[in-house]
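Number of protein chains: 2
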Amino acid sequence: MKKNVIVAQSGGPSPVINASLQGVIEACAAYPDQIDRVYGGWHGIEGILLEELVDLSAQPKEEIALLRTTPAAGAIGTCRYKLKDEQTEDYERIIEVMRAHNVGYFFYIGGNDSMDTAAKVSKLAKERGLELIVTGVPKTIDNDLGDEEFTIIDHTPGYGSAARYWAYLMQNVNEENRGMCVSEPVSVLQAMGRKSGFIPAAARLADPQREMPLQLYFAESGHTLESLAENVNRQLQQSGRCIVVVSEGFDVGNLGEARDGFGHIEYGASQNTVAQVVVNYLNSVGLKARGQATGQVPGVLQRSVSIFASCVDIDEAYQVGQHAVDIAFKHGTGWMATILRKPGETYQSYFSHVPLEIVANSARHLPASWISPDRLDVTDDFIRYARPLIGDGWPDIALENGFQRFARLSVSFIEKKRPVYLPIRFR
Amino acid sequence: MKKNVIVAQSGGPSPVINASLQGVIEACAAYPDQIDRVYGGWHGIEGILLEELVDLSAQPKEEIALLRTTPAAGAIGTCRYKLKDEQTEDYERIIEVMRAHNVGYFFYIGGNDSMDTAAKVSKLAKERGLELIVTGVPKTIDNDLGDEEFTIIDHTPGYGSAARYWAYLMQNVNEENRGMCVSEPVSVLQAMGRKSGFIPAAARLADPQREMPLQLYFAESGHTLESLAENVNRQLQQSGRCIVVVSEGFDVGNLGEARDGFGHIEYGASQNTVAQVVVNYLNSVGLKARGQATGQVPGVLQRSVSIFASCVDIDEAYQVGQHAVDIAFKHGTGWMATILRKPGETYQSYFSHVPLEIVANSARHLPASWISPDRLDVTDDFIRYARPLIGDGWPDIALENGFQRFARLSVSFIEKKRPVYLPIRFR
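Chains as they are written, first to last, in full-length UniProt numbering: chain A, 1 to 427; chain B, 1 to 427.
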């Protein structure tokens with residue numbers, strides 16, 4: 001008997017998360033004897049809990065194809081709804097909805113929390129006698145899945161595009177900073193990645209020869225506002241200017257109370273971004289130079305601007321989505337599709353699969369060996385690792401009437417079959 | 001006798017300021033009997049005062065051609081050095097340096113302050129018996145030159161690219177906000193333009209049909225944090241999400257002390273951006289919705305990212321530079337090259353010239369009649385005005401080894417002929 005598919009997204013988006021979605025949808029079409037309809041969870045697991053399912057099989061093929069270069073998660077939505085172990089009612093509701101809609105395959109696109117949820121759904125389905133194959137599709141711009149030996153996953157889809165955003169941006173900021181340095185000698189930019197420095201590290205890809213006066217401040221760096229100011233002043237003496245890329249997770253010490261209100265849970269009227277704390281510190285006490293520091297906080301732009309998507313990342317995100325469907329059929333439930341790298345000088349990736357539980361319990365930092373001794377830079381090993389991931393050149397973003405043409409899916413929910421349910425965290 | 005040229009840039013850069021520089025340089029080549037060398041003031045007027053001049057005639061033609069798509073002012077630099085009337089020593093020094101280097105033509109690329117300086121240099125040269133033709137080239141992303149009848153200048157080179165940045169960005173942010181709205185329903189973005197709302201207004205170009213839940217807060221809007229929060233909550237009830245584009249000049253009232261430290265003169269440890277004040281206000285007291293507001297401050301990125309340059313703006317910036325050279329020869333000293341618009345449905349611009357003094361004393365706001373009655377939007381008249389300026393599609397940015405290939409000029413100063421001079425503001 002044919003089964004239906006549910007695919008859902010989780011957590012912050014990336015410029016290529018829709019490419020993985022497209023990969024799943026199009027690969028399902030290769031199994032017409034096994035698969036009937038492909039449904040999308042509207043805003044991820046929330047849509048499954050609320051029984052808000054979008055019929056993706058009913059969308060025009062051209063719109064599905066446009067998902068390839070449609071950034072972020074506006075097509076079917078994502079959420080930050082976390083499923084803790086004790087939310088047994090929520091878990092049972094997922095099984096109930098899957099059963100009601102004859103779902104035999106569940107593809108979950110997300111990071112380690114999502115793989116944890118996926119593993120638990122897979123296990124519970126077995127216990128409840130529901131034939132459900134659960135398969136993970138990796139996604140995160142932070143590149144913080146897996147291990148520091150890169151054996152679980154070499155890099156996550158999404159990271160290559162965030163890295164390309166920073167690499168290309170640095171080239172433009174270098175022109176800006178060089179041109180304006182007699183009045184604005186310090187450009188401070190805040191990069192995402194609360195715990196892991198892979199994103200700010202990518203700024204260096206713009207300048208492997210170290211010609212730019214660029215300093216990177218990782219969450220892991222151990223630098224302080226005081227040492228940052230010392231480093232910046234030294235750079236100003238040497239170059240007359242300085243570009244500072246600071247992780248949103250950088251420790252601003254005493255000023256921490258006033259730290260980073262952008263995009264996170266705790267706020268107050270005095271909350272401040274790390275970039276602003278750095279700018280304020282430099283401008284009030286730290287800067288021994290004529291002129292001012294300026295601050296830039298791209299925020300969600302680094303995960304949602306399509307033109308900075310990496311062509312390599314787009315391709316791999318699509319293929320890892322396809323591969324997830326194949327391993328669902330080949331290997332059954334409980335796996336995440338993964339991207340690994342062949343040894344050798346020339347970059348070549350390949351796809352494989354790893355148990356969901358292993359990913360769920362993994363967390364990766366920028367390896368300490370890839371941070372330079374002064375903790376202001378990365379090593380060439382990092383550059384060799386990351387350079388191939390950003391690709392070469394611009395992706396081909398479709399245009400219409402002079403504007404970007406993104407996928408437009410028709411969002412009407414399929415008929416509900418179960419009583420109304422209020423997810424635990426909404427109560 | 002042949003004369004030399006000095007060209008210099010002033011104030012904040014734009015993605016197309018180098019295109020005007022290229023226009024000046026290449027147009028000078030059409031006057032081989034009148035012009036010997038073209039020098040660039042290194043970091044604008046500072047370079048002239050310090051006698052730091054770059055020989056632009058000695059640069060490879062290919063590099064000059066690459067200026068077309070090289071953003072910001074890294075090629076020959078710019079500055080914010082202001083020349084007030086009483087700085088007579090500085091003015092005399094400019095004449096001295098011009099005379100020493102046999103300069104007969106001075107092209108000054110900048111905004112109204114620069115046109116004021118240019119007018120005064122022109123006048124003083126006459127008084128001192130120096131044959132010097134001074135010609136202005138307009139530049140500013142703010143579009144705040146001229147009058148609200150658009151008779152002095154229709155739009156400034158640079159504005160079309162800043163407008164395109166915001167228009168294209170909104171499309172991406174709309175995908176981001178729609179995808180993440182169940183946990184981050186409000187995206188706040190801060191736009192440049194301290195006094196004039198043309199830049200935030202451009203966000204609406206992405207959505208002339210008003211389908212996005214987009215609210216614009218101009219410096220001129222008269223809204224407060226409280227009314228902003230009311231508007232946002234109303235939008236959330238209606239759409240479940242809201243995109244807020246707020247001018248850096250938006251009045252945040254009581255919280256003003258903690259306002260905008262990015263890129264401007266006065267700082268303290270508690271300085272904050274307008275975007276952050278809005279985010280903090282919404283998240284601490286203002287937001288009657290599940291989820292958080294996130295803040296984005298693109299800062300200098302909106303004036304320095306090449307891929308968002310408007311093709312129309314690039315062409316016009318180049319041509320207005322060329323035109324400046326032509327009017328210098330046709331009309332003598334004391335004019336600024338300007339861009340005007342032919343009447344009619346189809347956009348057509350043409351070039352003309354206006355007296356420097358008229359521009360120097362001009363200042364333009366977003367016309368009140370182009371702000372919608374609720375002061376959260378622009379009218380269709382604004383859209384008809386601004387839409388042609390952003391062009392259609394992507395500019396052709398040269399690539400090399402997968403990265404953007406920007407112009408690389410050889411910066412070595414020509415031989416100095418005058419004693420060392422310390423500009424007044426450096427003393």
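Honestly, the hints are just simulated from the structure, not real lab data.
Any given hint could be a false lead.
Heads up, the list lumps identical chains together, so a pair's fine if it works in one copy or across two of them.
[Claimed, not checked] Simulated crosslink set (BS3-like; lysine-lysine; CA at most 27 Å straight-line):
1) K84 - K288
2) K126 - K61
3) K61 - K2
4) K288 - K82
Taking the hints in turn, this is what the structure says about them:
1. K84 - K288: Intra 50 Å, inter 26 Å, cutoff 27 Å: inter-copy only.
2. K126 - K61: neither (34 Å within a copy, 70 Å between copies)
3. K61 - K2: within (22 Å within a copy, 66 Å between copies)
4. K288 - K82: between (47 Å within a copy, 22 Å between copies)
Of the numbered hints given earlier, the model fails hint 2 alone.
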